[in-house]
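Number of protein chains: 2
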Amino acid sequence: MSCFKIEKSSGASRAGWLRCEHGEIPTPTFMPVGTLGAVKTLESRELEQLGAKIILSNAYHLYLRPGVEILKQSGGLHCFMNWHGPILVDSGGFQVFSLNGLRKVTDEGVQFQSHIDGSFHLFTPEKVVNIQRAIGADFMMPLDDLVGYPVDENAADKAAQRTWNWLLRGMEEFEKTEPLYGYRQILPPIVQGSFIPHLRRREAERLANLEAPFYAIGGLAVGEEPEQTKEAIEISLEYLPLESAKYCMGIGLPHDLLDAISLGIDLFDCVIPTRNGRNATLFTLKGRMNLRNAKYATDQLPVEENCQCPLCMNYSRAYLHHLFNAKEILGLKLASVHNLYFYFQLMKSAREHILEQDYTNWARLIRDDLANKI
Amino acid sequence: MSCFKIEKSSGASRAGWLRCEHGEIPTPTFMPVGTLGAVKTLESRELEQLGAKIILSNAYHLYLRPGVEILKQSGGLHCFMNWHGPILVDSGGFQVFSLNGLRKVTDEGVQFQSHIDGSFHLFTPEKVVNIQRAIGADFMMPLDDLVGYPVDENAADKAAQRTWNWLLRGMEEFEKTEPLYGYRQILPPIVQGSFIPHLRRREAERLANLEAPFYAIGGLAVGEEPEQTKEAIEISLEYLPLESAKYCMGIGLPHDLLDAISLGIDLFDCVIPTRNGRNATLFTLKGRMNLRNAKYATDQLPVEENCQCPLCMNYSRAYLHHLFNAKEILGLKLASVHNLYFYFQLMKSAREHILEQDYTNWARLIRDDLANKI
Chain F
820 MSCFKIEKSS
830 GASRAGWLRC
840 EHGEIPTPTF
850 MPVGTLGAVK
860 TLESRELEQL
870 GAKIILSNAY
880 HLYLRPGVEI
890 LKQSGGLHCF
900 MNWHGPILVD
910 SGGFQVFSLN
920 GLRKVTDEGV
930 QFQSHIDGSF
940 HLFTPEKVVN
950 IQRAIGADFM
960 MPLDDLVGYP
970 VDENAADKAA
980 QRTWNWLLRG
990 MEEFEKTEPL
1000 YGYRQILPPI
1010 VQGSFIPHLR
1020 RREAERLANL
1030 EAPFYAIGGL
1040 AVGEEPEQTK
1050 EAIEISLEYL
1060 PLESAKYCMG
1070 IGLPHDLLDA
1080 ISLGIDLFDC
1090 VIPTRNGRNA
1100 TLFTLKGRMN
1110 LRNAKYATDQ
1120 LPVEENCQCP
1130 LCMNYSRAYL
1140 HHLFNAKEIL
1150 GLKLASVHNL
1160 YFYFQLMKSA
1170 REHILEQDYT
1180 NWARLIRDDL
1190 ANKI
Chain X
820 MSCFKIEKSS
830 GASRAGWLRC
840 EHGEIPTPTF
850 MPVGTLGAVK
860 TLESRELEQL
870 GAKIILSNAY
880 HLYLRPGVEI
890 LKQSGGLHCF
900 MNWHGPILVD
910 SGGFQVFSLN
920 GLRKVTDEGV
930 QFQSHIDGSF
940 HLFTPEKVVN
950 IQRAIGADFM
960 MPLDDLVGYP
970 VDENAADKAA
980 QRTWNWLLRG
990 MEEFEKTEPL
1000 YGYRQILPPI
1010 VQGSFIPHLR
1020 RREAERLANL
1030 EAPFYAIGGL
1040 AVGEEPEQTK
1050 EAIEISLEYL
1060 PLESAKYCMG
1070 IGLPHDLLDA
1080 ISLGIDLFDC
1090 VIPTRNGRNA
1100 TLFTLKGRMN
1110 LRNAKYATDQ
1120 LPVEENCQCP
1130 LCMNYSRAYL
1140 HHLFNAKEIL
1150 GLKLASVHNL
1160 YFYFQLMKSA
1170 REHILEQDYT
1180 NWARLIRDDL
1190 ANKI
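Top to bottom, those sequences are chains F and X.
This note's numbering puts the first residue of the first sequence at 820, with every later residue one more than the last.
This note's numbering puts the first residue of the second sequence at 820, with every later residue one more than the last.
Derived from the structure by calculation, the hints contain no laboratory data.
A hint or two may mislead.
The list treats identical chains as one, so a pair stands whether inside a single copy or across any two.
[Said to hold, decoys possible] With a straight-line cut-off of 30 Å between C-alpha atoms, the simulated DSSO-like cross-links for lysine-lysine are: (1) K1114 - K859; (2) K1049 - K827; (3) K1105 - K891; (4) K1049 - K1192; (5) K1167 - K1105; (6) K1167 - K1049; (7) K1049 - K1105; (8) K1146 - K946; (9) K891 - K859; (10) K923 - K891; (11) K1146 - K859; (12) K1146 - K923; (13) K827 - K1167; (14) K1114 - K891; (15) K891 - K1049; (16) K1146 - K891.
Can you build the whole structure from these sequences, using the hints too?
Okay, structure coming up:
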């Protein structure tokens, strides 16, 4: 049985269900990022209360800390962090890619130095599968080789080719191994190909032949122009099976999510709501606010009127401004809380509008306001 | 009507009720410290869930940030921080005392430079009353002059004398002014006198003549020996009216609280549970644990077995160790949560044992374990 089912479409956008043994995820959905086994500042029960349906973590970071042995001993990441909903775990390809100077990519895998203690490590496609078995990810991303932007065609070609080879090796290892905790795990292929249309097309085409129920589109959000992101998504979607789930890795701002949904994307992850929140940037339907701005010092309104989140229900902009001004940790948490709630509500509304077949109109009405800085 | 009533005594220790318009506080009680209008890392609703009955804040800090005007505009600190239980606000005498080199004490008041921007300010007993009116503290501490340890007798004498004069001026200002938010405020006198027995006695005696329902014992926890703390408390208690509430400022570790309760103290405040928590020190009935210790990396037990706090109910020592190791903010919060819950439960148990008339036995049984480092 496929892990994904489309309930209804509206234009190219779709309302669906992604299934795994830890739960059913209504799509479109946004995955908050818990790199190190915690979505920064938040308890797992708070995530659930805010509306998280699935969270994302990172094999590279968990491998370094707390390490595979402790995760195994704890019964996997779900038990370790006491989150019993679905978890998708990225391989860490992107993190290793960011370790410029500390890494060396060969056909065998990626050699890198830990950003913590400089120790040497090798990630192979096989090793990443086994790390993910120990983590117990419901959805485990294979090791991929990604390139930055701008990039020359040869490098992009080589990286895409390598990603394909690594996927085949990862799938083989996946078939040869068993889950450690008794529930099924899923290995979604990742489309690479950088921003070179014919490469992106080639990768999408050969991945399409795998007839997977769930694909990721990777290599985006590395500094390219918005039109290039859009083109890379469009090419990927053109070739991947329509009925499969599509996860657009590392995207993005609220209006980016709406744009990608209108193309046919179902899943997102991004550090923006939590990271920007910790920098005092709060998302609202009218745009982004910077709560450090002096004008909020005396502002008795909630960050967003009619918002039902624990920040807006209980505190004023003046209080949040004060917390940031006084460097109180609580400010980081309340801003993260609001931003995640905002993202979850946005995805919930998107889903409702897809089900009501008026997604395009609705998204057009709110999109430009979302992109504002106020 | 007095704001304090003793329900039952057991030896010198007492179970009572402290009342103000924001609520009734069972005593003995511990007040968590929310210096800047937030108990670090915690939302007000979380404090309530953990069992806080009253919180403490600080006039010096609130005066500097967010400032009196914003507090007034917000309807006082209760509304600003969305805590609708009782609040006791310290004058900031202790904080100004800590500004060595940045302050100058005269009979008029204390001149000091802000620790934030170096700006010059003058706190007088009258000004502190008016700041506290703006804050809207249920219990507003008068400005006092405290000395450190060791101290010479002349300096201690002069500071105690000045504290008395400032109290009279503060009381006069208190009588001349009205609450700003419609509920009654209470100004409890503070006994000073350092560790010079006859000075401590003189101050306690003259404060006793005021027949106040609520007294604070100040000038402690400034580096003195435990026996000196005990002696200063004992002298103060000997002269103050038995039926009044006694608040021992800035104390202490769990076993210090039990010791002080056995002398007849009813209220405490201290940064220890939250500050030590943020340093990975967790309190348990078996003693203090440092969760950074490598032995906890693989420890699947909760910090304290049978503890019902949100840390121990949901997470292992291994997870908390990992959070501290990875510098995740969530670790600071979960440690604070556990430590505050531990303090609240300790006060709750103390009260039950006083009501059951076996406080002394109970405290003797658990006291030495509490003082351990494990």
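Numbered hints the structure breaks, given as an ascending list: 15
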